[in-house]
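Student: The whole structure should be built from the sequences, with the hints applied where relevant.
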Amino acid sequence: MTELHRLTLAELNEGLRARRFSSVELTRHFLARIERFNPGLNAFITVTGERALAAAQKADATLAAGEAQALTGLPLVHKDIFCTDGVLTTCASRMLSNFIAPYDATVVERLSQAGVVMLGKTNMDEFAMGSSNENSWYGPVRNPWDPKKVPGGSSGGSAAAVAARLAPAGTGTDTGGSIRQPAALTGITGFKPTYGRVSRYGMIAFASSLDQAGVLTRTVRDAAMLLAQMAGFDPRDSTSVDTPVPDYVGGLEQPLAGLKVGLLKEFFEKGLDEESGRLIREALRLYEKLGARLIEVSLPNLPLSVPTYYVVAPAECSSNLSRFDATRFGYRCENPQDLLDLYKRSRGEGFGDEVKRRIMTGTYVLSAGYYDAYYLRAQKVRRLITDDFARAFREVDVLMGPTSPTPAFDIGAKVDDPVTMYLNDIYTIGANLAGLPGVSLPCGQSGGLPVGLQIIGPHFAEAKLLNVAHWYQRETQWHEQVPRGYE
Amino acid sequence: MNERMTWETVIGLEIHAQLATRSKIFSSAPTAYGAAPNTQANLVDLGYPGVLPVLNGEAVRMAVKFGLAVGAHVAQRSVFARKNYFYPDLPKGYQISQYEQPIVAQGRLEIVLDDGARKTVGITRAHLEEDAGKSLHEDFHGQSGIDLNRAGTPLLEIVSEPDLRSAKEAVAYLKKVHTLVRYLEICDGNMQEGSFRCDANVSVRPAGAEQLGTRCEIKNLNSFRFIEKAINYEVARQIELIEGGGTVRQETRLYDPDKGETRALRSKEEANDYRYFPDPDLLPVVLDAAFIESVRTTLPELPDEKAARYTEKFGLSLYDAGVLTASRELGDYYEAVVARVPGHEKLAANWVMGELSAALNKDGVEVTHSRIDAQRLAGLLARIADATISGKLAKEVFEQMWLEGQDADAIIEAKGLRQITDASAIEKTIDEVMAANPQQLAEYRSGKDKLFGFFVGQVMKVTAGKANPAQVNDLLKRKLSG
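Quick mapping for you: the protein sequence lines, in order, are chains C and G. Counting in my numbering, the final residue of the first sequence is number 487, and the numbers go up one at a time with none missing. Counting in my numbering, the final residue of the second sequence is number 969, and the numbers go up one at a time with none missing.
In case anyone wonders, no lab produced these hints; they're calculated from the structure. Each hint should be verified, as a subset may be incorrect.
[To be verified] Listed next, the in silico DSS-like pairs over lysine-lysine satisfying Cα-Cα at most 30 Å (straight line): (1) Lys706/G - Lys344/C; (2) Lys356/C - Lys570/G; (3) Lys344/C - Lys570/G; (4) Lys356/C - Lys621/G; (5) Lys621/G - Lys344/C.
[Said to hold, decoys possible] Some, not all, of what chain C presents toward chain G, calculated at C-beta under 7 Å: (6) Arg323; (7) Arg328; (8) Tyr343; (9) Ser367; (10) Ala368.
Using N, Cα and C, we set each Cβ at its ideal position, and we do this for glycine too.
Tutor: Shown next as structure tokens:
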């Protein structure tokens with residue numbers, strides 16, 4: 001029983017079906033671990049213990065009746081950006097610190113229908129704006145590998161929870177790297193699907209044209225299991241795409257012979273931590289051994305991805321966050337004098353600094369007289385970056401490189417320097433601008449901290465990406481490393 | 488200005504027509520008017536965190552219908568943008584509206600002016616957008632209430648070129664659009680409920696000048712009467728301002744129907760920077776040619792086509808045709824009458840435009856709910872046409888039909904109103920009248936022709952109006968002259 005947290009989602013699924021343990025036992029086990037370890041990690045904003053146990057009981061009955069769905073009885077955590085009916089949904093913001101969502105996000109709904117048991121809602125950067133999980137009204141999340149270090153962000157809570165084995169899996173969202181980067185920094189698997197593959201309905205919007213839901217898991221197989229349930233067209237999200245969802249799990253073992261792997265030249269240039277670079281090259285050699293051919297490719301416009309992103313994302317966020325006006329839900333200042341005072345103080349007090357910085361940036365780049373110079377130009381560059389990727393994928397099947405320039409950095413190290421913080425997303429942002437799927441896998445350690453290998457694929461090539469990533473985990477044990485104290 | 492010059496008025500209208508879809512433009516909430524506050528708004532309309540808009544295809548179809556009806560270019564690709572501003576009745580903090588790429592562009596509509604001349608008015612564009620909610624300032628003890636029932640209601644904003652040269656022209660154009668959207672069944676046209684409303688851009692310039700004057704936008708125009716008054720007030724205000732040495736400021740003005748004046752709401756400098764950008768939650772609206780053509784096949788006969796048919800086929804005047812085609816329902820009624828009294832199209836037109844319209848107006852009912860249906864009215868007209876009753880008596884019959892809902896024939900029989908066309912009976916009455924009025928007869932015969940009317944009146948009095956007037960005339964003339 002004490003070993004349950006060591007099992008992967010796939011193993012737990014098998015155990016539940018073989019009745020080696022019950023969902024209630026499993027849920028109790030993880031809730032106990034959360035109670036024990038979360039005070040040190042601050043990975044959760046809300047733990048939904050009672051609700052989880054009730055769901056686990058129901059799951060056990062379903063299992064006993066032989067009516068189990070794909071994921072019946074498996075515990076999981078949701079990033080607090082997903083609306084969960086009747087449960088506090090804060091987006092880690094004071095603005096929503098009193099917001100009980102009146103409905104389930106499509107991701108939550110689909111996973112519930114598949115039978116998962118939600119353990120709680122995880123901490124994150126406020127409104128998903130950040131790369132370190134320090135921008136949370138509920139305080140920073142700590143990295144299980146070293147409590148002085150950040151877990152990455154914005155899905156830092158889900159990442160820390162999975163890495164510390166407080167949950168076998170978690171959902172996340174990735175607007176500029178918010179799944180892949182924390183996965184890399186905490187030594188787990190993070191998968192961001194193609195834009196439009198998973199519904200955004202009920203996922204509180206940061207930058208609508210970039211946001212995409214995905215998962216943080218221990219293994220690629222686990223990611224495939226969850227994605228199979230989450231993916232697919234949703235009539236409530238016009239940007240979700242109506243294409244069939246292939247059998248992700250069934251395709252994992254496809255041989256890699258003849259695979260063409262593109263090495264992103266721009267990813268190995270200045271700024272990359274030396275040891276991380278060495279580990280990535282080692283990973284690439286492994287793929288060569290598995291039958292892949294390495295081809296160096298160049299995406300000349302990729303270096304423009306950070307500035308492009310920091311025009312497009314704030315522009316959309318400045319508009320998306322206008323609905324938080326203290327009239328229908330959320331934080332409201334005390335004794336507003338008039339309408340303007342209500343708006344100014346509620347928003348001034350309700351939003352954190354980084355959110356305000358991006359709202360202001362976004363408002364500026366959309367303003368009359370600046371729109372063409374910033375927003376429109378950024379959209380053009382975005383097109384060029386997308387074209388660069390498309391050209392590369394005519395030559396190669398997947399692109400590989402680092403997820404993050406460095407392993408986890410110290411809490412507080414970059415908070416006063418937003419530009420340095422923004423540069424942390426330099427390797428991940430491109431996939432968001434182009435809407436491509438990407439995955440980060442643990443591929444070694446630098447100075448005792450995990451390093452992530454990033455693989456990016458063409459649009460809707462999730463199955464291929466999972467297949468390629470899965471082979472790495474067949475051949476290596478990096479994904480089995482557990483931070484000390486959490487074994 | 489040293490000497491008094493003549494001024495030319497330039498007007499462009501922005502019409503907001505609420506599209507008659509069952510559900511809202513981006514949500515499944517119903518659009519019905521008049522429900523208790525905030526009962527017709529779902530999470531999408533309330534702008535809740537995480538919700539997303541999904542375009543109502545019916546609204547698109549209606550916009551295309553309008554575009555085709557005004558001979559416009561229907562865009563195969565149009566884009567929804569966000570218009571950002573804060574206001575309590577705007578839940579998301581932005582309005583979704585088409586901006587740079589509207590669904591309809593470059594249409595035109597012909598209006599008939601008072602002197603009968605025709606004028607073509609350009610339609611710059613028509614675009615889809617969502618309506619905002621309403622702020623309620625009463626009954627909240629110094630606070631304001633918000634009703635979001637209307638939030639997300641689909642609107643078609645129809646923008647004209649500055650082609651209108653007077654308040655009268657503006658009203659004629661507005662009425663034409665009003666007629667058209669109801670013909671197309673894309674808007675109920677109810678101005679009291681705000682389903683059809685309009686803003687006017689008004690400027691003046693010296694007659695003959697090429698450059699446009701500075702314009703003011705007048706808002707809150709929700710009746711044809713107010714629009715005419717507001718524009719006339721505004722034109723006079725601008726001319727007086729300029730002639731007094733001042734300049735017109737570009738601003739938004741509100742029309743106050745109680746005071747009959749416009750007053751400044753906000754200047755151009757105070758105007759919001761709406762920070763428009765394409766809405767990333769919605770894909771561009773892409774329409775293929777086949778879809779547009781399929782919508783074209785659903786177009787009804789349009790008012791102008793119908794009016795042309797009435798003048799050609801029924802021999803009606805342009806004016807009559809215009810009145811009868813002002814609404815699709817009135818035209819349908821008229822044609823249903825005509826079908827039953829072929830050859831009497833003008834008679835039918837007079838009765839539909841005259842007695843029937845007056846009765847409808849008096850009772851405040853639509854022609855579709857007329858107490859005398861087309862078949863019954865045709866029954867009455869048939870009796871006029873075959874000379875069973877006179878037109879004068881027919882009005883009495885009509886009144887009774889309206890009140891009691893009987894057929895014309897039943898009333899004519901019951902009240903014995905059948906016209907007397909038997910010449911010998913009429914002659915007998917004339918003889919009696921002449922015998923009873925020897926003095927008048929003598930005066931007439933000595934040349935006082937005017938007394939002819941007196942004798943007609945006497946005959947009609949004796950016959951209770953039932954004698955055929957034409958026959959009475961003929962016979963009287965013969966008998967009186969001895």
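Student: Would you mind marking each hint as holding or not holding in the structure?
Tutor: A quick look at each hint next to the structure:
1. Lys706/G - Lys344/C: Given that 30 Å is the threshold and the Cα spacing comes to 28 Å, the pair holds.
2. Lys356/C - Lys570/G: holds, 20 Å
3. Lys344/C - Lys570/G: Roughly 20 Å separates the two Cα atoms, so the pair holds.
4. Lys356/C - Lys621/G: holds, 29 Å
5. Lys621/G - Lys344/C: holds, 22 Å
6. Arg323: holds, 4 Å
7. Arg328: holds, 6 Å
8. Tyr343: holds, 6 Å
9. Ser367: With a closest approach of 6 Å, the Ser367/C hint holds.
10. Ala368: holds, 5 Å
Going through the hint list in order, the structure satisfies each hint without exception.
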